[in-house]
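Novice: Just so you know, the protein sequences line up as chains A and B, in that order.
So the first sequence is numbered by the numbering used here: it starts at 1 and just counts up by one.
So the second sequence is numbered by the numbering used here: it starts at 1001 and just counts up by one.
Hints listed in this document are in silico derivations from the structure and should not be mistaken for laboratory results.
Watch out, some of these pointers could steer you wrong.
Incomplete in silico selection of chain B near chain A, CB under 7 Å [unchecked claim]:
#1 F1021
#2 A1105
#3 F1242
List time: in silico DSBU-like cross-link candidates among lysine-lysine, alpha-carbon distance up to 30 Å [said to hold, decoys possible]:
#4 A/K593 / B/K1052
#5 B/K1255 / B/K1026
#6 B/K1048 / B/K1026
#7 B/K1035 / B/K1052
#8 B/K1035 / B/K1048
#9 A/K624 / B/K1255
#10 A/K593 / B/K1048
#11 B/K1052 / B/K1026
None of these values were measured; they are calculated from a predicted model.
For each residue, glycine too, the CB sits at the ideal point set by N, CA and C.
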Amino acid sequence: MTWNQFLLVALALPLVVALLNYLVRLPQIRKGSIIVMALALIASAVWLHTRVGDNAVVLSFPWADLTILILDLAILAYITYVGIERRHPYIIALAVLQLAGLLYIELGLRPDVSEVPSLVIDRLSVVMYLVVAVIGSIICVYALQYMEEHDDRAHPEERKGRFFLWFVLFLGIMNGLIFANNLFWLYFFWEATTLCSFQLIGHDDTRESRDNALLALFLNSIGGLAMIAAIFLLVNTFGGAAASLSAVVNSGLAVLSTSFLIALAFLVIGGFTKAAQLPFQNWLLGAMVAPTPVSALLHSSTMVKAGVYLILRLAPAYSGLPLSTAIAIFGGFTFLAASLLAVADDNAKRVLAYSTVANLGLIVACCGINTSLAVNAAVLLIVFHAVCKALLFMGVGVIEHNVGSRNIENMEGLAARMPAMMLVVSIGVFGMFLPPFGVLFAKWAAMEASIREPLLVALLVAGSTLTALFWTKWLGRMLSTYPREEEEVQPVSMPGYYVTSLGTLALGLVLLSLGLPAVVNGLVLPSTMTWYPPAIQGMSGLNLAAFSWANYYNPEIILGNAVVPEGLFPLGLLFIGLLLMLVIPMAFFEPEKERVGDIYLSGENLDEGPLPLYFAGAMESPSKVSLGGYYFRGVLNDRTVLSLNIVAAALMVMMIGVVAS
Amino acid sequence: MSWALVGIGVLGAPLLGGLLFGIDRKITARLQGRKGPPIVQPFYDVIKLLAKDSTYTNRRQVFYLYSHLLWMLVALVILLTRQDFLVFVFALTFSEVSLALAGFATKSPYSHVGSNRELLQILASEPVLVFMAFALYLATGSFLTGGVFLIDEPLLFSYPLLFLAVLLVLTILMRKSPFDISSSAHAHQEIVRGISTEFSGKYLALLEIAHWVELIIILIIVFLFWVKPWWAGVLLALGAYFLELLIDNTYARLKLGTMVRTTWAWGFGLSLVNILYFTL
Chain A
1 MTWNQFLLVA LALPLVVALL NYLVRLPQIR KGSIIVMALA LIASAVWLHT RVGDNAVVLS
61 FPWADLTILI LDLAILAYIT YVGIERRHPY IIALAVLQLA GLLYIELGLR PDVSEVPSLV
121 IDRLSVVMYL VVAVIGSIIC VYALQYMEEH DDRAHPEERK GRFFLWFVLF LGIMNGLIFA
181 NNLFWLYFFW EATTLCSFQL IGHDDTRESR DNALLALFLN SIGGLAMIAA IFLLVNTFGG
241 AAASLSAVVN SGLAVLSTSF LIALAFLVIG GFTKAAQLPF QNWLLGAMVA PTPVSALLHS
301 STMVKAGVYL ILRLAPAYSG LPLSTAIAIF GGFTFLAASL LAVADDNAKR VLAYSTVANL
361 GLIVACCGIN TSLAVNAAVL LIVFHAVCKA LLFMGVGVIE HNVGSRNIEN MEGLAARMPA
421 MMLVVSIGVF GMFLPPFGVL FAKWAAMEAS IREPLLVALL VAGSTLTALF WTKWLGRMLS
481 TYPREEEEVQ PVSMPGYYVT SLGTLALGLV LLSLGLPAVV NGLVLPSTMT WYPPAIQGMS
541 GLNLAAFSWA NYYNPEIILG NAVVPEGLFP LGLLFIGLLL MLVIPMAFFE PEKERVGDIY
601 LSGENLDEGP LPLYFAGAME SPSKVSLGGY YFRGVLNDRT VLSLNIVAAA LMVMMIGVVA
661 S
Chain B
1001 MSWALVGIGV LGAPLLGGLL FGIDRKITAR LQGRKGPPIV QPFYDVIKLL AKDSTYTNRR
1061 QVFYLYSHLL WMLVALVILL TRQDFLVFVF ALTFSEVSLA LAGFATKSPY SHVGSNRELL
1121 QILASEPVLV FMAFALYLAT GSFLTGGVFL IDEPLLFSYP LLFLAVLLVL TILMRKSPFD
1181 ISSSAHAHQE IVRGISTEFS GKYLALLEIA HWVELIIILI IVFLFWVKPW WAGVLLALGA
1241 YFLELLIDNT YARLKLGTMV RTTWAWGFGL SLVNILYFTL
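Here chain A stands alone, though its shape is the one from the complex (with noise of 0.2 Å):
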């Protein structure tokens, strides 16, 4: 396979897909060419994998400037038009901002963009690609499923359609993304992805889904502005060879230059939108009307995973800089807040959300950090927080269409009822905080890293006890069963599409847990190696031992003599731990022998049936056992809200003081 066929599969492969299920719309063609899609992806994942090694591989096609650049217009006529339909007059108002930016920077400056590289691959863009290319296959096998359940309203095959014109060419474009080096290029895919997103959470087409849309559109409006500002700050200070993001990354100006410095935190505001940073985290929540599989897919693994990608590529960039200071900031405060908010909400998809929000604000606080241990966490992060939260929301996506709600207050007793789809959370739920998952280990990695930022300490110490208790009262409302219910009920069976999605996901997330020290190894590491400089990495207080640390567990590791390691994560330990976890239940319970009890409820049981419980509450009346979890609201509501997004703001605008003294 040549470069150019990778490309073909990458970029134009899902273009193909796209339009040839939007215009056909037949069942069988639309499953068959994406299961087909779907594996062409994977095994194109693969081969990158094993062709870019350390020197990334640069790709130009100058001739294909134009048209990107005639796409962008159309883009942002496209918003314009939005805008003006819709009566929004910011949307419209930073779309013709964005237009005029883009025309003045074409026309005006006339920038000589023909030195920089379209395309460049290095083995970040791998990583990314993996996730993109994997987890998005697999989301696209179970939207097949989903969609057929989901569209129940006149013309289903047209706006199954439609739906997967924009969910499939999404693949497409983020692959584009990921691997974009030139500026414009880059502004390109960026606004694309915005595009698809306003289409696909406006796609149920009712009052509420259109207003989220809109949101959605006009805050990653925001971010596009602040693109095209860093553009021109670049094109206009350093000429057109500077609208190259290698160039960016490692040119070391920001030192020298205030504009250039003032263009990377545009660029990173820009990331901040994308990336759902507290205070524009609600075009993400507003998202959560979309079908689950555009969640799972954008709103999670693939799509939020751009913002942080641009941050996390720009890192070398401002590393030393106060704005790595403030990024680091505003990270852990968006992980604090979002792990707050998210103990409060009561909607399960809601929930999900906020945890995405917390977690790329963790994502960005170590690219804030700016340590090769907290890069590499990062790195890290991203890949596991994407395996957990595909399974997540898929696994929400089943449960909602069986039960008819996505309010965790109706999932009580699913563990009975759903016992597959309860342990697809679990396992889902547990990957985001049990000792030997990949996100703990990531976590753990990034909070030892911020030790060089106290008040970071603080912000993630906060944060991590909140994710704990919002995972855990889930999980509890789960879990809550009646003694015998499963004896009573039936259990609900799924499709072969869910099973082999889920299953797959849910595999694979424990496979790459037990092989952490490979996926460090041979993917994270050498991702880090080749655009992250070395020396940067000797400045860093923590260094890369402590991940080569976390391959074995050797107890007698600091006896003998005083050389102590930073750190340690014990695997070993951790995965014996695991294991007997499952084993030793298995090995000493003997259901057949013991005895199912009633619960408590202070002698007053009635047998009114065997399910629910009833107990003999005033005046000896029959009272139903009913149960709630804990919300918080009296503390955490609406005024939290506002008042965290203030403090965000507030560091918003400190970071761009920072910058611009």
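With the hints as your guide, set chain B onto chain A.
Specialist: Below, chain B without anything else, positioned relative to chain A:
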């Protein structure tokens, strides 16, 4: 520390913990003007529980109870082998989370209230322990517990405020008044036996044994504040233990909100001030 010693630690910790609980009950009885049970009474209790017919309300309850004890032991092993303190905190937290899930697994009003309160107890106590991990790093240059054995000055001297915060959360971890909120040994709470209402027979015994291990873990945490000479740390740990007993017997239980507010204002505040002071 070799595997044999780890083995001795894992087996010895529950025994020592049980004995300390026996002493606790004796002292408490004397403070209240009673004669009190023999010191080995906790062991009698557990043996009796193990011999009882076992009942459970559902399988997941059993699973998470085993998990609670298991991860408590994993946390102990991490401490005994002087490994990463932050990982230790994660393991301990997961152990507590498992207990909460075991409580949630049954649709029982009392155990649900208890589990929700247990979660808030985790929320109240975990931050201080994580701060302690950072304090260890700042004092020794390593997140490993073993680091404190390599410095000459006791941790207590550079982290007196953090020590106060740890004492504050010890009350929560030991499930003593005024913070025995999820499940109380005393008869002064309104939610029956809280989180453990639905555990019986050998599963209640598992919980008791986990408590004994937890007590030893807590004492080791206090011990870390003064490891050289070792007897100073042991005295410090025992001193803290008897201080907790005294507080337990002289204070009534506080409300949930009061606990979270107190620990977040004072525990979090004291820890942070101490760490900031140390870094500046």
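Novice: If a hint holds in the structure, say so; if it doesn't, say that too.
Specialist: Do the hints match the structure? See the list:
1. F1021: Because about 24 Å separates B/F1021 from the closest Cβ in chain A, which is outside the 7 Å limit, the hint is violated.
2. A1105: holds, 5 Å
3. F1242: violated, 29 Å
4. A/K593 / B/K1052: The hint holds at about 13 Å.
5. B/K1255 / B/K1026: holds, 27 Å
6. B/K1048 / B/K1026: Holds. B/K1048 to B/K1026 sits at ~20 Å (cutoff 30 Å).
7. B/K1035 / B/K1052: holds, 27 Å
8. B/K1035 / B/K1048: Cα-Cα ~22 Å, so holds.
9. A/K624 / B/K1255: holds, 28 Å
10. A/K593 / B/K1048: holds, 18 Å
11. B/K1052 / B/K1026: Holds, because 25 Å separates the two Cα atoms, which is no more than 30 Å.
Against the hints set out earlier in the document, violations occur for numbers 1, 3.
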